[in-house]
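Engineer: From first to last, the protein sequence lines stand for chains A and B.
If you count the first sequence from 1, you need to add 1358 to reach our numbering.
If you count the second sequence from 1, you need to add 96 to reach our numbering.
The set of hints was computed from the structure by calculation and includes no laboratory data.
Keep in mind the model is a prediction, meaning the values are calculated, not measured.
Just so you know, even glycine gets a beta-carbon here, dropped at the ideal spot from N, CA and C.
Only pairs whose alpha carbons sit at most 20 Å apart, straight line, appear in this in silico SDA-like list of lysine to any residue: (1) Lys1637(A) to Gly162(B); (2) Lys119(B) to Pro1607(A); (3) Lys198(B) to Ser1632(A).
On the chain A side, residues computed to face chain B include the following (Cβ under 10 Å): (4) Phe1417; (5) Ala1423; (6) Thr1432; (7) Gly1433; (8) Asn1454; (9) Met1478; (10) Pro1482; (11) Thr1483; (12) Gly1604; (13) Ile1624; (14) Ser1631; (15) Gly1640; (16) Asn1649; (17) Val1703.
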Amino acid sequence: MDNNITDRMEKVPYRNLPSKWSLVLFVFLLAFSVSQHTHAYTTVLPTVAVDTANGEALFKANCAACHKLYKKATGPALFEVGDKYDRDWLYKWVKNSQELVKAGDPIAVKIFEENNKSVMTAFPTLSNEDVDDIIAYTYTKKKTPVIVEAPTGAGDGGGGMSNNIILGILALVFAMLVIALFAVNKTLRRFADAQGVEIEEKEETKPIWRAFLENQFLVLVTAILLLLTAGYFAYGWMSQVGVDQGYAPVQPIHYSHRIHAGTNQIDCNYCHSSARKSKTSGIPSLNVCMNCHKSISEVAEATQLEGQNEHGVDYNAEIQKLYKAVGWDEATQAYTGETEAVEWVRIHNLPDFAYFNHSQHVTVAGVECQTCHGPVEEMEIMEQHAPLTMGWCINCHRETNVNVADNEYYEKIHAELAKKYGKDKITAAEMGGLECGKCHY
Amino acid sequence: MKYIVKIVVVLIAGVAMVSCAEKGKPNYQYMPNMYEPVGYETYGNYEVFPGQMEAMLPAEGSIPRGWQPYEYDNTNEGRDLAKAELKNPLPVTQANLDNGKKMYDIYCALCHGGQGAGQGILVKNEKILGIPSYADPGRVINDGGIYHVQMYGLNSMGSYASQTNEEERWQITMHVMNLKAALEGTPALEIVPEPEIAEGHHEEESGAEDHGNDDHDTQEDH
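Input sequences plus hints: build the corresponding full structure.
Structural biologist: Encoded structure:
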């Protein structure tokens, strides 16, 4: 909490900027960006009207997989691309770039070589007007984050501060009350002294503990009660030895399951693909991260702010950690070959004497990951949800019906067991899920 | 004064008890030698390994069980060749299509969308943009091409060879061809009748016993 406040304190200098100044700055920026747009329209396209909104839609639908505006991706950055190449040449390139490369066009060959010989898909369906719109869109200026960031940060800061202030005031009031009480007591005594009123001292009686000790029945009952309570707490304490429920270690790269599995609904099996077919649900290797993070090199601005304000994490810095570990060079969009190991901390770990197989539960039984791992899609920091004790396993085996429908493997055994137990549904326990040798051998 | 001392003692004890329940460290164990394996444990930390990490890349030249060599290079030429030559070796069965859909929904639908129109959740959330539809006229999408791209990745798309096996990739390919057909409005792949395949024998028998399972429906289809 304190950390967050100091963070914000450092960020607010923009707030002190005189409002006049910021207005001037804003107008200046606005004028500048407008002039840029008109510049694009007038110099490049003197007569044709362009539709930047259409350009944006087309860009996002067709180009954005490989091109970013201000940063090289699979293809080069496209900001102000209309100034770099001849317009007619661009039409040809977009519609079929490979034709140009094969024809030996020097510019085309150069671009092809510069971008790791990635073939740009042909877009024969885009008309010249569409391409014009897209090019007009590429003149969109990069938003300056300052304008967005300052007010939101300050607003959030206000909320956090006020809570603290209320708590502080409450503590202060409480302390003052205590002091007042002492003062009143003291003053009253002083009055009593001054007026000669004698405060009655209590008569010396048998202290209560002596009375208690002399009553053997009470002592006995108390002793039994004490023993029982101690036993209860000792049992509770001993039961948690070796249980890691709630274990949430700090990982070398801050990975938010909340964002990946929650907001973006990525299936657990996407990254933990070995859960489907092996004993261990593996910690994914970094190439799996790169499937998406090749394109996503920074998070959305709102996500970044949320991370900084609510969780104290700089998500963009965490993505950079990934790039460093996997040896990805953003500038050249290629792997450097210099990799570093990421020492993830394993959270769920059964003792050696217990056998557990993921594929048996995930693929065969069709158990949801969340049944054992809890609401992972809400966890910013991954933690162990279940106690993973034997009692917990057994309980689930007793309660869960085996899904035998459409599974001929179970056909015969199901028929026999149904006859034996005289019921339709069979739990895992009734199929032998409680036998010692199933998990301990 | 005595009371104050007592209160402080209780407070300190309370703080000490709470602070022991730390989330960042694993709990202590009764008899660690019962918990910790003699062999090397998955993701364990052992001095014999480089960087003390059990998790390592497979030794060079090692081949996973069931692995088949893939003979096309990760180049534009290799992709063209795969497009021209490679055909899906799996028969078009309901089981293959079902698993293809399941795998597609896990690995591909995030970007390509459940219908293959390029409108997956990551596209809708504007995390990854510009995903083309399978019906895009500028692209030649066929069996070999789909498999090749899953194997090596293409441009911004990464390789999925580490997350899926050969059979699953071909099942996904089959499903994608069906999605493409649906988008283009052409007929879907024709499902090979189950009894014609060697594995289909049990299902014919079980279907006759009327267990109300899926085989029964497919029986009625042909």
